[in-house]
Amino acid sequence: MTRKLMTKADTKLLLAIILLSLFVFALLKFYATVLPTERQVVIKVSGEVVKKISLQEGTHLQKITIEGKKGPAIIEIKGWKVRMVEAFCPDKLCVKQGWISNPGQSIICVPNEVVLYFDAAEANFIDAITH
Amino acid sequence: MKKYYPKLTVIVAVFVLLIIGNTYLTRTQSREYTSEEFLMDTLVSISTIGTDTALLQQATEKAFHEIRRIADLTDRFPAVDTPAYQKSDIVRINEMAGIKPVIVDEDVFKMLQLAQEYSRLTEGAFDITIGPVMDLWGFGQQKQKVPESHELTRTLALVNSTELLLDEQAHSAFLKKAGMSLDLGAVAKGYAVEKAARILEESGVKKALIDAGGNIRVLGEKDKGVPWKIGIQDPRNPAALLGILSLKNEAAVTSGDYHRNVQIAGKTYHHLISPRTGYPAEYNMSVTVLTRDASQADLLSTALFLLEPQQALALGTKLSDTEVLIVTADKKILFTPGLRGKIELTPEEGYIYDEKANDKS
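Going line by line, the protein sequences match chains A and B. Residue numbers are given in our numbering: position 38 of the first sequence equals residue 38, and the series is strictly consecutive. Residue numbers are given in our numbering: position 294 of the second sequence equals residue 294, and the series is strictly consecutive.
Take these hints with a grain of salt, some might be off.
Restraint-style ranges between C-beta atoms, simulated for each label pair [said to hold, decoys possible]: (1) S320(B) with P72(A): 47 to 57 Å; (2) W80(A) with T9(B): 55 to 65 Å; (3) R292(B) with V85(A): 19 to 29 Å; (4) G124(B) with L61(A): 49 to 59 Å; (5) E344(B) with L27(A): 28 to 38 Å; (6) D91(A) with R276(B): 25 to 35 Å.
Worth flagging that the hints you see were computed from the coordinates, not collected in a lab. In this text the structure is predicted, and so the values were computed from the model without any measurement. The beta-carbon is built from N, C-alpha and C at its ideal position, and this holds for glycine as well.
Work out the full structure, taking the sequences as your base and the hints as a guide.
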């Protein structure tokens, strides 16, 4: 019996399978890294994430109260912007800072250990800010 | 009877190879491990990148441990009769001012030496014995007030780094006059960040970013051929950036007049007090310093902030491995020639910078 190991059709099939797998693999990687996820605001207390909120064009005047280390903090979300409205801290630096709207920006309330920032997925163009 | 299916074998083999290949790629993919802690009156965050998450985690924990230790050693206002009070070398040195030398931790000793060196470099424009003046203003405490000028004159007589005696043999520090005190606000954070960076490096971390409230130190590059991108905050608009720095194995620290502001009787005062006048220095809005070492960057950003812009720029240019960007009080942007190629300026309207003036090198 002198049958060939692979016929032409088999080779084609095999190539098709390999190409398809590579394509799917590349696609998955592409979606995982390149495409930005939706904009999210992350709220942390004492280094732990306590809430993540997805922002949409229509998110208007949403006020959220979270419990900081020392007391409550009220956060306002309006469209793509976020700010601290009230905070249980002596200096109110976080409130005075006003709105933040750009990736990479953050509001940090040291006494109450509350941090607000935009999710890193879209903050790719800068890694940190020196201030 | 056993039957042999060559085609099937080949196809299965290819699939198996693809799956193994894929798993291998995922396994060796770099991951980021980030951890944050509130220390030294600010948020300290450490982000590390590598393939071995357990290693990153352990290294980060060690680094935080070191930052906590430095924070305890240099804390100037711990509550009396707490463990923190016992741990602070600075409290002990200040308490023993005019009485006797105090044996201090090696790292505290190094910080004091470094701070003294910068006092000399700036001919006294910067001085860590500024403590009594800071206290007079009430910085770091509950209530702030503008001191009376006669009080300031009297207190300024206590500010003098040459009367901080450091004994290399005994590892001791001594403030000669009673009433003198140290304030390590301009060095402790940078020093702690630098030590943390060294610990990460020794633990095998190749890529990391440490950010202690804007005191930034990076290890390696973010990715092959991709430097870490660090924004410089616009001193007058917290939502804007003056420019973006590309960093690799170095530190960037900014001192600005928009930080730790206090309002007294409707006027704004910042905490960067000139040891010469006793009032907040008003030559500059912000000074950003890039060096290899975060403790130097921290000290230098404060020291240069206290100098007149041209003097600051000249000193920045003179020092090796040091780049400086200054925003003057009249909104001029000046920088050392070596910063070109490391910075992409994106200032908003109102800032003046002469690209050509900065273009000789």
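Quick rundown of the hints versus the structure:
{"no.": "1", "hint": "S320(B) with P72(A): 47 to 57 Å", "in the structure": "holds, 51 Å"}
{"no.": "2", "hint": "W80(A) with T9(B): 55 to 65 Å", "in the structure": "holds, 56 Å"}
{"no.": "3", "hint": "R292(B) with V85(A): 19 to 29 Å", "in the structure": "violated, 42 Å"}
{"no.": "4", "hint": "G124(B) with L61(A): 49 to 59 Å", "in the structure": "holds, 53 Å"}
{"no.": "5", "hint": "E344(B) with L27(A): 28 to 38 Å", "in the structure": "holds, 33 Å"}
{"no.": "6", "hint": "D91(A) with R276(B): 25 to 35 Å", "in the structure": "holds, 28 Å"}
Checked against the numbered hints above, the structure breaks only hint 3 and satisfies the rest.
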